[in-house]
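Participant: Line by line, the protein sequences are chains A and B. Residue 14 in this note's numbering sits at position 14 of the first sequence, with consecutive numbering throughout. Residue 1502 in this note's numbering sits at position 502 of the second sequence, with consecutive numbering throughout.
These aren't lab readings, by the way, just hints derived from the structure by calculation. Be a bit skeptical, because a hint or two may be false.
Think about it this way: if two alpha-carbon atoms lie no more than 30 Å apart in a straight line, the pair counts; the simulated DSS-like pairs of lysine-lysine are [unchecked claim]:
| no. | chain 1 | residue 1 | chain 2 | residue 2 |
| --- | --- | --- | --- | --- |
| 1 | A | 43 | B | 1202 |
| 2 | B | 1375 | B | 1511 |
| 3 | B | 1558 | A | 97 |
| 4 | B | 1202 | B | 1428 |
| 5 | B | 1514 | A | 75 |
| 6 | A | 82 | B | 1558 |
| 7 | B | 1452 | B | 1514 |
| 8 | B | 1202 | B | 1140 |
| 9 | B | 1514 | B | 1475 |
| 10 | B | 1128 | B | 1148 |
| 11 | A | 60 | B | 1558 |
| 12 | B | 1527 | A | 97 |
| 13 | B | 1429 | A | 97 |
| 14 | B | 1359 | B | 1375 |
| 15 | A | 75 | B | 1550 |
| 16 | A | 43 | B | 1089 |
| 17 | B | 1417 | B | 1294 |
| 18 | B | 1359 | B | 1417 |
| 19 | A | 35 | B | 1089 |
| 20 | B | 1148 | A | 49 |
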Amino acid sequence: MKKFSVICLIFSLILFTAYIKNSTKRINDEIFLSKENIRDLKKEFENIKLEYDYLSSAEKLLEYQVMYFDDELVKKNLQNIKIINESINNINIEQFKLADE
Amino acid sequence: MNNKDSRFVIENRQDEFLYQKSKSNLNITFNRISFIFFVFFIIGLIYSIHLLHLGSRKVKIDLNNNINNITNKLFRADITDRNQRYLVKTINSIDIGISPLKIIDEKKLLLNLKYIFPDKDYQEIKKKITKGKFFYFEKKISEENYVKLMQLGDKSIESRDNLIRIYPQKNLFSHIIGQIDNDNNGISGLEKSLDENLKNSKEPITLTVDKDIQFLIRDELIRFNEIFNTIGSAAILMDIRNGEILSLVSLPDFDPNQREEISDVNFINRATKGVYEFGSVFKTFTLAAAFDEKLIEPETKFTDLPKSLTCAGFPIREYDQDIPSTLTAEQILIRSGNIGSVKIGQKVGMEKFEFFLSKIGILEKINFDIEEVGKPIKFNWGKCPLATASYGHGITTTLLQLVKAYSIITNGGYQIKPTLIREEKTIKKKRIINESVSSKILPILRKVVTNKEGTASLANVDGYEVGGKTGTAQKSLAGSYSLNKKINTFISVFPTSRPQFVLAVMLDEPKINKDYIYEYRDGSNFKLKGSPRNTSGWNSVEVSGHIVEKIGPILATKYSEIN
Chain A
1 MKKFSVICLI FSLILFTAYI KNSTKRINDE IFLSKENIRD LKKEFENIKL EYDYLSSAEK
61 LLEYQVMYFD DELVKKNLQN IKIINESINN INIEQFKLAD E
Chain B
1001 MNNKDSRFVI ENRQDEFLYQ KSKSNLNITF NRISFIFFVF FIIGLIYSIH LLHLGSRKVK
1061 IDLNNNINNI TNKLFRADIT DRNQRYLVKT INSIDIGISP LKIIDEKKLL LNLKYIFPDK
1121 DYQEIKKKIT KGKFFYFEKK ISEENYVKLM QLGDKSIESR DNLIRIYPQK NLFSHIIGQI
1181 DNDNNGISGL EKSLDENLKN SKEPITLTVD KDIQFLIRDE LIRFNEIFNT IGSAAILMDI
1241 RNGEILSLVS LPDFDPNQRE EISDVNFINR ATKGVYEFGS VFKTFTLAAA FDEKLIEPET
1301 KFTDLPKSLT CAGFPIREYD QDIPSTLTAE QILIRSGNIG SVKIGQKVGM EKFEFFLSKI
1361 GILEKINFDI EEVGKPIKFN WGKCPLATAS YGHGITTTLL QLVKAYSIIT NGGYQIKPTL
1421 IREEKTIKKK RIINESVSSK ILPILRKVVT NKEGTASLAN VDGYEVGGKT GTAQKSLAGS
1481 YSLNKKINTF ISVFPTSRPQ FVLAVMLDEP KINKDYIYEY RDGSNFKLKG SPRNTSGWNS
1541 VEVSGHIVEK IGPILATKYS EIN
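Could you put together the complete structure from these sequences and hints?
Facilitator: Below is the structure:
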């Protein structure tokens, strides 16, 4: 009986180890795939960001202003900037002040 | 006799040490077997050690090679502005070359290449193949064409990895970023000073500059360079609380994408490398030094000021002949009085004034993030040099150092280090000059802009509380001062009630424009056609006013503390 239980234990340990090894390998493969996907996505993100930076640059915006948004893109004066304070009951609009003067 | 008696007796004795297998009768002599095992063991051991040694050495060489390849050849970190927008981007590309010696079927190869790249000049390629030397067929190839070429499976087609450094902002940050050479080594600007960091850092390096602000300031400088027909100009915008530079422009600039070798001295970085006499902007330091030593107050009166002084045979005159002979210390700075400044300087004394200028970083070469930094010309102190230095004559420094000094004077006296590289760590503030200096100087700088007698009323942009000091200096050329060639500077601080930014604008050799229309900022809606004089008040101040007007809303909403 004792011999049998030792053999069973060893056998189950072998099976258990094999299972863990297999699942680890599978997880490793998944991690590798995910990393590769992230790398590709990161590369794509960087390229899109570069394009976005270029298209949204001040230089381009001024070009668009001349071409399409002559009346819509206007320079804001400091006096036209307001601060909106939102509380539960009401909304307060205050004058934006950079200086104390 | 004895010889006959002596005999050798050879006995075949049974060994006492026997290896005996228990159940068989096989007996092996132990020492013979053990000796053979021992020899084999030693040989094995030597071989294993040798193998291990060779193995580890190879790994080490490979590792070093790989690191060098990655770090030097095919990697360079990106650079972004403070809002994570790309200023420099590295793109890995593939170049395709042909090795003629490895061509098996030339006709087939050319036919295949013609199918993928129909627009190439194949007569030229044929000529190159006949020469027998490796040549580049197509550089910076697209991924699609690369796959097509590799599918041909021709061994003569060789791919070479390459690194492309793109500067999407073109000229905008050329003097800050600098350039790299063909071996991926920085040769100027941050590309040079951060060379090792850029090769090893896996994350982009973030700068303190703001792309939009930089664009707007550069745009205004270009516009006014044409209006005032300058040979160049520079501007620096710095946060006086932490030394972060939001914008640093020097014109003319260059496009780093072109990879041109620049030898024209006019392309010098005027903001950091150019060493100039800046004139009256030094008067603020003279007054600040007197406040720091608690020698005078803004209301201290200076009576019977002469219209001119003579020092070592050279006259010191007032710029404005209508300047009164009795002025307070405050009025001396507002009206930019030369004689009054000399009197204040003499009150401070040579040693104390030199020490003060040294403390605020005017006299020595500044330690900055880029290597293109000018060294102020050594100033030989004496009685007359003290007098001239009091109003900014004969003493040199860089625009960057002026910005730093004005920041210290106006931020409560705290030491700051101008920087282009953004760091999250907070630096302990160290006060180096008296706190009261700021509170006394700031209202006076404001009055330079708001008072009728002040020299900078064109910078009085509504809502920003601009204060500052003008400086018009004759350029020193070949040992003498030029009458027409000037360096006109305006250093502004705003808002003066809660100072946050210093903006310095310098125009190199501006000229009078007879057609330019000035719009007064005193609420009178008065317009004046043509520059009355070639002084800072009529050009650098005007430029600064327009810059503040343009960048102000961004600064106010993005970088200011709101009450």
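Participant: Indicate, hint by hint, whether the structure satisfies it.
Facilitator: Structure-based check of each hint:
For the hint linking residue 43(A) to residue 1202(B), the alpha-carbon distance of about 14 Å falls within 30 Å, and the restraint holds. As the CA atoms of residue 1375(B) and residue 1511(B) are separated by approximately 28 Å, the hinted pair is consistent with the 30 Å bound. Taken as a hint, the residue 1558(B) and residue 97(A) pair is honoured in the structure, with Cα atoms around 13 Å apart against an allowance of 30 Å. Distance hint between residue 1202(B) and residue 1428(B) is fulfilled; the C-alpha atoms sit about 29 Å from each other, no more than 30 Å.
Taking the CA atoms of residue 1514(B) and residue 75(A), the gap is about 28 Å. The hint holds against a cut of 30 Å. Annotation: proposed proximity of residue 82(A) to residue 1558(B) holds, straight-line Cα distance about 14 Å (limit 30 Å). Distance hint between residue 1452(B) and residue 1514(B) is fulfilled; the C-alpha atoms sit about 23 Å from each other, no more than 30 Å. For the hint linking residue 1202(B) to residue 1140(B), the alpha-carbon distance of about 23 Å falls within 30 Å, and the restraint holds.
Proximity of residue 1514(B) to residue 1475(B) is assessed by CA-CA distance (about 23 Å); at most 30 Å being required, the pair is judged to hold. Between residue 1128(B) and residue 1148(B) the alpha-carbon distance is near 22 Å, which keeps this suggested pair within the 30 Å criterion. For a cut-off of 30 Å, the pair hint linking residue 60(A) to residue 1558(B) stands: about 21 Å separates their Cα positions. Our distance criterion of 30 Å between C-alpha atoms is met by residue 1527(B) and residue 97(A), whose separation comes to about 28 Å.
With a C-alpha separation of about 27 Å, the suggested pairing of residue 1429(B) with residue 97(A) holds against the 30 Å cut-off. Restraint check for residue 1359(B) and residue 1375(B): the C-alpha separation of about 16 Å stays at or below 30 Å, so the hint holds. Among the hinted pairs, residue 75(A) with residue 1550(B) is consistent with the structure: their alpha-carbon atoms are about 8 Å apart, no more than 30 Å. For the hint pairing residue 43(A) with residue 1089(B), the CA-to-CA distance comes to about 12 Å; that is within 30 Å, so the pair holds.
With a C-alpha separation of about 26 Å, the suggested pair residue 1417(B) and residue 1294(B) falls inside the 30 Å cut-off, and the hint holds. Restraint check: the Cα-Cα separation between residue 1359(B) and residue 1417(B) comes to about 12 Å, which is no more than 30 Å; the hinted pair holds. Restraint check: the Cα-Cα separation between residue 35(A) and residue 1089(B) comes to about 22 Å, which is no more than 30 Å; the hinted pair holds. Between residue 1148(B) and residue 49(A) the alpha-carbon distance is near 28 Å, which keeps this suggested pair within the 30 Å criterion.
In this structure, every one of the numbered hints holds.
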